[in-house]
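Enquirer: Now for the letters of each chain:
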Amino acid sequence: MPPSSRGGARPGAGRKPSSDPTTTIRVPVSQKAVVLDFVKQRKAGLPLSHCLEIFALAEHPPRQKFPFMSHAVRAGFPSPADDYVEKRIDLNEELIQHREATFFLRVKGHSMVEAGIDDGDELIVDRALVPEHGRIVIAAVDGELTVKRFYQREGVVKLIAENPDYPDIEFREGQEMLIWGVVTRIIKSV
Amino acid sequence: MSTFALIDGNNFYVSCERVFNPALEGKPVVVLSNNDGCAVARSQEVKALGVRMGMPWFQMQALARKHGIIALSSNYTLYADMSNRMMAILRQFSPHQEIYSIDECFLGLDGFNLDLSDYGQQIRQQVRRWIGIPVCVGIAPTKTLAKLANHAAKKQPQWDGVCDLSSLSEAERDRLMDGIEVGEIWGVGRKLREQLTAMRLSTALALKQADTAFIRKRFSVVLERTVQELRGISCLGVEEVASNKRQIVCSRSFGLPVLRLAELNEAVSSYAARAAEKLRRQFSLAGAIHVYITTSPFREKDPQYSQGITIPLPEASDDTSKLIRAVQWGLKQIFRPGYRYAKAGVMLIELGPAGNRQSSFFTDEEKESRSSKLMQTLDSINRKMGKDTLFPASSGIARPWRMKQGNKSSCYTTDWRELAEVRC
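If you read the sequences in order, they're chains A and B. According to this note's numbering, the first sequence is numbered sequentially starting from 1. According to this note's numbering, the second sequence is numbered sequentially starting from 1001.
Among these hints, one or two may not hold up.
What the hints assert, rightly or not - Within a straight-line C-alpha distance of at most 27 Å, the following computed DSSO-like cross-link-like pairs (lysine-lysine) qualify:
{"hint": "1", "chain 1": "A", "residue 1": "Lys-188", "chain 2": "B", "residue 2": "Lys-1245"}
{"hint": "2", "chain 1": "A", "residue 1": "Lys-32", "chain 2": "B", "residue 2": "Lys-1301"}
{"hint": "3", "chain 1": "B", "residue 1": "Lys-1301", "chain 2": "B", "residue 2": "Lys-1408"}
{"hint": "4", "chain 1": "B", "residue 1": "Lys-1155", "chain 2": "B", "residue 2": "Lys-1278"}
{"hint": "5", "chain 1": "A", "residue 1": "Lys-43", "chain 2": "A", "residue 2": "Lys-32"}
{"hint": "6", "chain 1": "B", "residue 1": "Lys-1343", "chain 2": "B", "residue 2": "Lys-1367"}
{"hint": "7", "chain 1": "A", "residue 1": "Lys-158", "chain 2": "B", "residue 2": "Lys-1322"}
{"hint": "8", "chain 1": "B", "residue 1": "Lys-1408", "chain 2": "A", "residue 2": "Lys-108"}
{"hint": "9", "chain 1": "B", "residue 1": "Lys-1343", "chain 2": "A", "residue 2": "Lys-87"}
{"hint": "10", "chain 1": "B", "residue 1": "Lys-1047", "chain 2": "B", "residue 2": "Lys-1404"}
{"hint": "11", "chain 1": "B", "residue 1": "Lys-1301", "chain 2": "B", "residue 2": "Lys-1245"}
{"hint": "12", "chain 1": "B", "residue 1": "Lys-1367", "chain 2": "A", "residue 2": "Lys-108"}
{"hint": "13", "chain 1": "B", "residue 1": "Lys-1322", "chain 2": "B", "residue 2": "Lys-1408"}
What the hints assert, rightly or not - Partner residues aside, some chain A positions facing chain B, computed with beta carbon under 7 Å:
{"hint": "14", "residue": "Glu-93"}
{"hint": "15", "residue": "Glu-94"}
{"hint": "16", "residue": "Ile-138"}
{"hint": "17", "residue": "Ala-140"}
Simulated from the structure, these hints should not be mistaken for laboratory data. Small disclaimer: the values here were computed from a predicted structure and weren't measured. Glycine included, every Cβ here is placed at the ideal spot set by N, Cα and C.
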């Protein structure tokens, strides 16, 4: 019978003969070579300072982030305002309720001057809001976006212009009107 | 049992354009690829005319004239912003989200003890109302089936945009799968479809009922997993953490054929700069860079040449100027005069995290830290003041080779100067 390669003693198997108890440790894969090298140097009996030098060369400490300080550290009295530092006002937070549903549009025309909307103004439009009677809305009419006041009473739906020179837009059965969004703010340059 | 939803924007690019230009509603619209080459998105009306995905614009011109097809240049800035909005809205519907592409994502709905069809309709309506994009929802016990359900929701009007396979009986599910071609299954590409069809496995149902051992032996473990998933056994989970890209590519066709080395140099430098910016955004370093140039296979009478070269870097880097120096050197090696070049590309490879940079013996640490500060400054200025506010001079100023974008819409949501106008 040919000699079997299975079973029997395997070299290097079993408990290591050592008086010291041992344990396994985890090291980052990227640092494995560095750690092994360090241990090897130690075993070779090189002075510790030498080992440490190898260590420092092989590894770049990751950059650290430092917390933001409101002012430079001074040796004298701390600033009395330190306790009162707060975040500056952010218009995005104040003026926008639904970030994802909010769009800016630029006005062209004069049909809403009496509502305070002039040519060239920018509008903040929130599509998440439900258009209610009396609100200023953006509507898609005949393939164009238009801004008007939304009227919805007793089965009558229309878009009202806020300028006597401009007609209202009324809707009859079967005519399609799509409310695009609700205007929440007007931005003007002065 | 697991439950997944796949949400997918309908004709996403076209839908983005329609939000700001309602005149496109109901009209046949195509969005063309970079350089206005071929169709990358088609409205329903265009699909009905038989325009295929990827069809070159010159091939559909007769159709376009006859039916008044509106062709738009792609506006990826707009699509990316609308995509970010859509994904943020969808995130509200599940703690587990995997963004799969610019216009689709998976949501994990395990343990959602409610009417899932209803939930799907809520998702659909909210996306539609908040950003104006129509979406379809497929719900199923596996990701592959969720994809399939989404396909059904899109093609079969009786679902009203939401198809929940988990609510169907086995027999009903089989009937649905019998009507779906095998090529529509997630992971079954064109080649695989041909092979499967030749073996009479031409529908989703046939593949579902195929012998798994045979599939594994004849094809792959991957396709076997697909079969399991079709049977409702979930093999793929929601992958929430977007993995960093393992390579970064920046390649474009030119607006005009380019003959001179100087102009090719500009082009590859600008692509390298763009790729380096993406590299830094994901905090990686590139170990090597590949550059290639090619003539146009569509111009059959022109002499053809195409060549590429990979340049290993002495040490991994994210520094624009180093990468540009490398591609310019590489370009000089592969450039041959006398050809009309149509396209060039730059690819960053062997990417690794920026945290553990390995210096070489000759590294000048002080210079390195100056360069990294310079790159940070460059990126932050360009982020704040707009793309290409600062750019390497080697990428050229006039850039005659730049791609054509004849009919591009405005960046309505990302540029204050380009807001959509509203009639008043």
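Enquirer: Of the numbered hints stated previously, which ones are contradicted by the structure, given in increasing order?
Expert: 1, 2, 3, 4, 6, 7, 9, 11, 12, 13, 14 and 15
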